[in-house]
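Chains as they are written, first to last, in the working numbering: chain A, 1 to 327; chain B, 328 to 667.
Hints in this document: simulated from the structure, not taken from any laboratory. Where hints are given, some of them may not hold.
[To be verified] Only pairs whose alpha carbons sit at most 25 Å apart, straight line, appear in this in silico DSS-like list of lysine-lysine:
{"id": "1", "chain 1": "A", "residue 1": "K41", "chain 2": "A", "residue 2": "K65"}
{"id": "2", "chain 1": "B", "residue 1": "K397", "chain 2": "B", "residue 2": "K417"}
{"id": "3", "chain 1": "B", "residue 1": "K397", "chain 2": "A", "residue 2": "K223"}
{"id": "4", "chain 1": "B", "residue 1": "K479", "chain 2": "B", "residue 2": "K467"}
{"id": "5", "chain 1": "A", "residue 1": "K188", "chain 2": "A", "residue 2": "K163"}
{"id": "6", "chain 1": "A", "residue 1": "K223", "chain 2": "B", "residue 2": "K467"}
[Said to hold, decoys possible] Stretch by stretch, here's where chain A covers chain B in the computed footprint (C-beta under 8 Å, at least three residues):
{"id": "7", "region": "454–463"}
{"id": "8", "region": "556–570"}
{"id": "9", "region": "627–636"}
[Claimed, not checked] Chain B is faced by these chain A residues, among others (derived, beta-carbon under 10 Å):
{"id": "10", "residue": "N179"}
{"id": "11", "residue": "W182"}
{"id": "12", "residue": "R186"}
{"id": "13", "residue": "Y225"}
{"id": "14", "residue": "A231"}
{"id": "15", "residue": "L240"}
{"id": "16", "residue": "M247"}
{"id": "17", "residue": "P251"}
{"id": "18", "residue": "T255"}
{"id": "19", "residue": "D321"}
In this text, a Cβ means the ideal position worked out from N, Cα and C, and glycines have one as well.
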Amino acid sequence: MISFLSRRLAYMAATLLLVSFASFVIIQAAPGDYAEIVAAKKAATGAIISAADVQAVRVELGLDKPWHEQYWRWLSGAVQGDFGFSWAWRRPVGEVIAERMPLTLAIAFSTLLFMYAVSIPIGIYSAVHRYSFGDHASSLIGYLGLAIPNFLLALVLMYLGQKYFGQSVGGLFSPEFANAPWSWARVKDFLAHLVIPVLVLGTAGTAYLIRSMRAAVLDELDKMYVLAAKASGLSPMQLLIRYPVRMALNPIAATLGWRLTYVISGAPIVGYVLALPDTGPLFLNALLNQDMYLAGALIFLYCLLTIIGTFVSDLLLVLLDPRIRLE
Amino acid sequence: MMIAPIDTPVLSVRGLSIALDTRDGHAVPITQDVSFDIARGEVLALVGESGSGKSVTALALMQLLGANLKVARGEIALHTQDGFRADVAKLGARGKGIEAIRGARMGMIFQEPMSSFSPIHTIGQQIAEVVTVHEDVGRKAARARAAELLGKVGIPDPVGALDRYPSEFSGGMRQRAMIARALICGPSLLIADEPTTALDVTIQGQILELLRSLQRDLGMAILFITHDLGIVAQMADRVAVMYSGRIIESAPVRDIFRRPAHPYTRALLDAVPRLGDIDRGRRIRPIAGSVPNIFDVPPGCRFHPRCPVAVLPRCAELQPPRYASGRHEVECVHGEKVLA
């Protein structure tokens with residue numbers, strides 16, 4: 001177990017290094033740089049900008065250095081927790097992200113919780129009552145959930161939320177709570193606003209998970225060991241929970257890692273549509289503005305979450321399945 | 328309460344018919360009018376080719392038929408030593424009634440020891456579970472019982488084996504563990520559905536020997552389902568031969584081998600290779616044709632299209648009568664003459 005863990009941790013570190021490199025290269029690959037954006041903004045106000053001025057900005061920001069030097073500077077800073085300076089925000093990247101990351105995590109984990117809490121029972125029900133009305137209904141809703149694009153679902157739900165529940169559109173807080181200190185009322189307001197993003201981000205994943213849970217349970221129900229356990233006198237419920245469901249959790253746990261990725265990578269556009277004060281819109285803007293240290297740090301953190309998610313799902317699998325443990 | 332006479336069979340099956348519900352709403356009979364008794368401590372072998380309905384019959388005895396199969400008619404009277412009696416056919420496939428019988432009064436072992444255990448639970452969990460389901464026993468006591476049974480079925484280091492996973496056991500060991508699981512609550516009847524078919528021959532011999540000795544020690548009855556006449560000769564007290572969903576002959580094991588009365592039974596025996604066949608110039612005679620498709624069963628005697636002694640048109644039109652001489656019964660037009 002110890003060797004398994006340390007091996008996995010080493011892989012994770014290596015993957016992270018590669019990811020940091022890739023994210024840096026991707027950001028660099030976009031045409032132009034932040035200095036040109038500064039120049040364009042200034043030119044838009046009527047100021048006259050010379051090539052020398054642009055170059056001066058470049059030198060000031062270190063953009064004139066070769067890319068590997070920039071990468072090295074960024075990486076060595078990142079290791080020490082210094083992700084550089086956000087030019088657009090005129091604040092350290094760490095600070096900007098720290099304000100918003102907790103909300104991103106709250107949304108992501110609420111969404112995951114929602115997906116599993118809804119899909120596992122429905123998947124089991126669908127498998128046990130195959131071809132029943134409930135099974136067909138859950139399939140239909142599931143396919144709709146898969147087919148509707150997130151941003152459209154977001155718009156529809158915002159409209160419904162506003163019209164029928166009188167909820168303020170978008171954001172994670174009502175205006176009166178936006179800058180208020182944390183209180184019980186603010187938590188309730190926050191949870192109420194969490195419903196729409198969680199539904200939007202979680203619907204497709206939930207539909208997918210229902211299908212895979214259903215298939216996994218169906219697979220197990222026909223297995224010989226289920227019949228053998230039934231022949232020893234277990235009641236249908238004991239049987240279902242102890243054997244097929246327990247077995248079906250393995251493939252579900254195995255995909256936990258990329259479920260998390262899916263939720264987080266789907267978040268920026270949804271966050272934009274819903275005007276969420278989390279890292280999603282921050283990330284989109286950073287990419288548009290070529291605010292490279294901020295964008296790089298966000299890509300890096302998203303990847304870190306993915307890698308952690310994969311690690312957790314591997315760990316769960318080891319705990320769930322002795323056959324993996326014994327190898 | 329009436330105390331049953333000592334010679335009341337443990338299991339008495341009368342007129343059991345199992346039907347398959349097809350998608351278009353028809354009920355296709357899989358077995359018809361199956362009747363047999365199993366006496367206390369007796370080993371009855373149910374013999375037949377694949378598709379003859381023997382496994383389905385075994386499953387029906389514990390109400391374990393698949394969703395599209397059902398007991399259409401008949402009685403499955405269970406009568407255990409402690410005075411318990413029930414008609415399993417009337418209990419239905421769900422509920423406390425049948426659950427209290429499964430694993431406690433009737434145990435079952437299956438053909439595939441490899442897949443009869445869940446791969447992610449320990450052997451000990453899966454055997455002790457049977458005790459906790461049926462008896463008001465703590466987990467520790469159940470574990471101790473499981474270890475005791477594992478020892479009884481010949482597993483070395485039974486206490487250590489409790490915490491092992493099925494994948495750490497060989498096929499033979501798993502079948503031993505399966506036997507322990509089926510017997511841990513002391514059932515009066517063990518149903519063994521081809522328990523050695525998936526094992527190699529030496530292991531097969533060991534398992535059969537184990538079953539025989541457990542049967543003698545515990546005084547339980549066994550319904551042994553097989554297509555292997557060698558195993559029948561070794562294990563059974565009595566034999567029932569099934570063909571296309573009907574029991575066409577039943578007799579004490581000696582009579583089956585010495586005086587088979589049904590042409591199908593004779594053909595089965597002729598199809599068995601024996602040591603020295605080649606020296607004596609004897610050839611195995613396979614039975615021409617094959618078991619009828621259940622959706623297209625021939626009228627009259629189901630064996631008549633393959634039968635060398637069929638009396639036509641009578642055998643193709645009428646269900647042959649059943650003749651009995653002592654404990655030897657046969658369903659054939661020639662029955663009276665042959666048994667005489």
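Now for the hints, and whether the structure bears them out:
For the hint pairing K41 of chain A with K65 of chain A, the CA-to-CA distance comes to about 23 Å; that is within 25 Å, so the pair holds. A threshold of 25 Å between alpha carbons decides the hint, and for K397 of chain B with K417 of chain B the separation of about 12 Å falls inside it, so the pair holds. Annotation: proposed proximity of K397 of chain B to K223 of chain A holds, straight-line Cα distance about 20 Å (limit 25 Å). The hinted pair formed by K479 of chain B and K467 of chain B meets the criterion: a straight-line CA distance of about 19 Å does not exceed 25 Å.
Using a Cα cut-off of 25 Å, the hinted pair K188 of chain A and K163 of chain A holds, with the two alpha carbons roughly 20 Å apart. Restraint check for K223 of chain A and K467 of chain B: the C-alpha separation of about 29 Å exceeds 25 Å, so the hint is violated. Check on the region 454–463 of chain B: 4 of its residues sit with their Cβ under 8 Å from a Cβ of chain A, so the three-residue criterion for coverage holds. Under a criterion of three residues with beta carbons nearer than 8 Å to beta carbons of chain A, the stated coverage of the region 556–570 of chain B fails, only 0 such residues being counted.
Restraint check on the region 627–636 of chain B versus chain A: 0 residues with Cβ-Cβ distances below 8 Å, three needed, restraint violated. Interface hint at N179 of chain A: violated, since its Cβ lies 51 Å from the closest Cβ of chain B, which is beyond the 10 Å cut-off. Hint on W182 of chain A is violated. Least Cβ distance to chain B is approximately 43 Å, over the 10 Å limit. The interface hint given for R186 of chain A is broken, as the beta carbon of that residue sits about 45 Å from the closest beta carbon of chain B, more than 10 Å.
Checking Y225 of chain A against chain B by beta carbon gives a least distance of about 5 Å; that is within 10 Å, so the hint holds. Annotation: interface hint on A231 of chain A holds; nearest CB of chain B at approximately 4 Å, less than 10 Å. The beta carbon of L240 of chain A is not positioned within 10 Å of any beta carbon in chain B (closest approach about 13 Å), and the interface hint is therefore violated. The interface hint given for M247 of chain A holds, since its Cβ lies 6 Å from the closest Cβ of chain B, which is under the 10 Å cut-off.
At a threshold of 10 Å, the smallest CB-CB gap from P251 of chain A to chain B is about 13 Å, leaving the interface hint violated. Annotation: interface hint on T255 of chain A violated; nearest CB of chain B at approximately 18 Å, more than 10 Å. Proximity of D321 of chain A to chain B holds as hinted, the smallest CB-CB distance being about 6 Å (cut-off 10 Å).
Violated hints for the displayed structure, listed by number in ascending order: 6, 8, 9, 10, 11, 12, 15, 17, 18.
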